[in-house]
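Here is how the chains run, residue by residue.
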Amino acid sequence: MGTFVKFYIDGKECIARHGTQLVKAACENNIYIPTLCNYPGIPPKGACRICAVIVNDKAVTACTTKVSESIVVHNNTPELEKFRKSVVEMLLSEGNHFCPSCEKSGTCELQALAYRYRVTVSGFPYMFPFREIEAWHPKLMKDHNRCIQCKRCIRGIKNDQRKSIFAFGKRGTHVEINIDHDASEGISDELAQRSMDICPVGAILRKRKGFDVPIGRRKYDNKPIGSDL
Amino acid sequence: MTDKKIIATISLAGCFGCHMSLLDIDERLLEFIELVEFNRSPLTDIKKITRECDIGFIEGGCCNDENVENLIEFRKHCKVLISVGECAIMGGIPAIRNTIPLKECLEEAYLNASTTIKSNDKKIIPGDPDIPKILDRVYPCHEVVKIDYFLPGCPPRADLLWEFLYALVTGKPFEFKYQTFKFD
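Top to bottom, those sequences are chains L and Z. This note's numbering puts the first sequence at residues 1 to 229. This note's numbering puts the second sequence at residues 1001 to 1184.
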């Protein structure tokens, strides 16, 4: 158990245990730092950069930064909000995000962030890459068009033998998530559901599941992401 | 003549859902037609823009050369152009074909699909000069002409359309509300 330290976010005095992940510490002090690749309970990755903050005049990712005594954090500044909006726009352009036909629409974190930042159109050209859909698995479907390569599934989903059932395949711009044939064999419905839930977008779907919550009652239909803090 | 704003609307590679959503403003239509006069639009059935317009309401992206011609015509005659809905903004559902080469799309539609194998025994892919020529991919409108405003949604909620158009026509301030700012 670490000792408590005092630090500042946007001038507000905050308290957390020394060494707490900054995103978590901010949350404990009712301050929202947007995240996408970060997921509570799994090791942080710092992949998406949406949680970028300025700590002691240096830009860092809040998910991979730990709090220490008297650090000064800038979070809700116009520059950072503009940067975060650009990250969302870039992700929307890079993949094929056809929200109207996506099972995850309304609960998708990327979409929720786009709503939060009022992204009407991406400032980057839409790339429309060719990406595969994999449907061989009895319980899971993988739509790589929507994958943002956050690795949440790789880091967070393990089978009974503590083995990851997802892994990266290929390299560079062709990188994609693969479902391990052996490790994913016979997974429970609960793990399949957790795989779907851990994916911030609609890249991993549980088969025979979707569109079961009506429009208007989905997670981000009425309240912006981060508004519960 | 009144000082009504002139509005023209068109559906390019869209499903007319955005126009239906415009009709969904319901009784506010009566207020709207006091403020604007419709020129070219599927609602008036006027086929060509007949005068300079204040507002161009664009539904759908550009999937063929006729869409491009129409969009350029709208840009030429409208002071303000609005991309309405996901298809106009990023191609939408028609742009799902963008990831597949055009040749493969046409072969699948006219030669290989189970519903056309028997009926198209001469193996014809339509290419008559009278038919609009399909583009290599579906283009978002802002990649073809300058677009002034974007209204997301599939379709954009009727309340969003009304609030935006009302503000635009009356010169009142407008802000996107979370509840009507949606991509689906």
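One thing to keep in mind: the hints can contain errors.
[As the list claims (entries may be wrong)] Using 25 Å as the maximum straight-line C-alpha spacing, the simulated PhoX-like pairs for lysine-lysine come out as follows:
(1) L/K219 <-> Z/K1177
(2) L/K66 <-> L/K82
(3) L/K45 <-> L/K24
(4) L/K85 <-> Z/K1177
(5) Z/K1122 <-> Z/K1133
(6) L/K82 <-> Z/K1133
[Said to hold, decoys possible] Pair ranges (Cβ atoms, derived):
(7) L/G226 <-> Z/E1069: 26 to 34 Å
(8) L/I215 <-> Z/V1169: 25 to 33 Å
(9) L/D57 <-> Z/M1020: 36 to 44 Å
(10) Z/Q1179 <-> L/G123: 21 to 29 Å
(11) L/H174 <-> Z/K1103: 18 to 26 Å
(12) L/G2 <-> Z/P1173: 25 to 33 Å
(13) Z/T1099 <-> L/G2: 21 to 29 Å
(14) L/K6 <-> Z/I1100: 52 to 60 Å
(15) Z/E1143 <-> L/P214: 53 to 61 Å
(16) L/T120 <-> Z/E1066: 20 to 28 Å
If you are wondering where the hints come from, they were derived from the structure by calculation, not from laboratory data. Beta carbons are placed, not taken as given, at the ideal position from N, Cα and C, and that holds for glycine.
Discussion item. For the hint 18 to 26 Å, verify it against the beta carbon of L/H174 and that of Z/K1103.
Written reply: 23 Å, holds
Quiz prompt | Pairwise hint evaluation, L/K82 against L/K66, where the allowed Cα distance is 25 Å at most | solution = 24 Å, holds
Distance restraint between L/K219 and Z/K1177, which requires alpha-carbon spacing of 25 Å or less: 17 Å, holds
Is it true that Z/Q1179 and L/G123 lie within 21 to 29 Å of each other by Cβ?
With Cβ atoms ~25 Å apart, the hint holds.
Discussion item. Quick check on a hinted range of 20 to 28 Å for L/T120 and Z/E1066, using CB atoms only.
Written reply: For Z/E1066 against L/T120, whose Cβ atoms are near 26 Å apart, the range 20 to 28 Å holds.
Handout entry: Hint check for Z/E1069 and L/G226 - Cβ pair distance inside 26 to 34 Å
Key = 45 Å, violated
Given the hinted pair L/K82 and Z/K1133, is their Cα-Cα distance within 25 Å?
40 Å, violated
Item to complete: Indicate whether the distance between the beta carbons of L/K6 and Z/I1100 respects the range 52 to 60 Å.
Response: 57 Å, holds
- Query: Is it true that the C-beta distance of L/D57 to Z/M1020 lies inside 36 to 44 Å, as the hint says?
  - Reply: 53 Å, violated
Query - Outcome of range test on Cβ distance (Z/E1143, L/P214; 53 to 61 Å) - result: For Z/E1143 and L/P214 the Cβ distance comes to about 34 Å; the hint is violated.
- Query: If you draw a straight line from the CA of Z/K1122 to the CA of Z/K1133, is it 25 Å or shorter?
  - Reply: 21 Å, holds
>> Within 25 to 33 Å: is that where the Cβ-Cβ distance between L/I215 and Z/V1169 falls?
In response: 29 Å, holds
Checked against the numbered hints above, the structure violates hints 6, 7, 9, 12, 13, 15; every other hint is satisfied.
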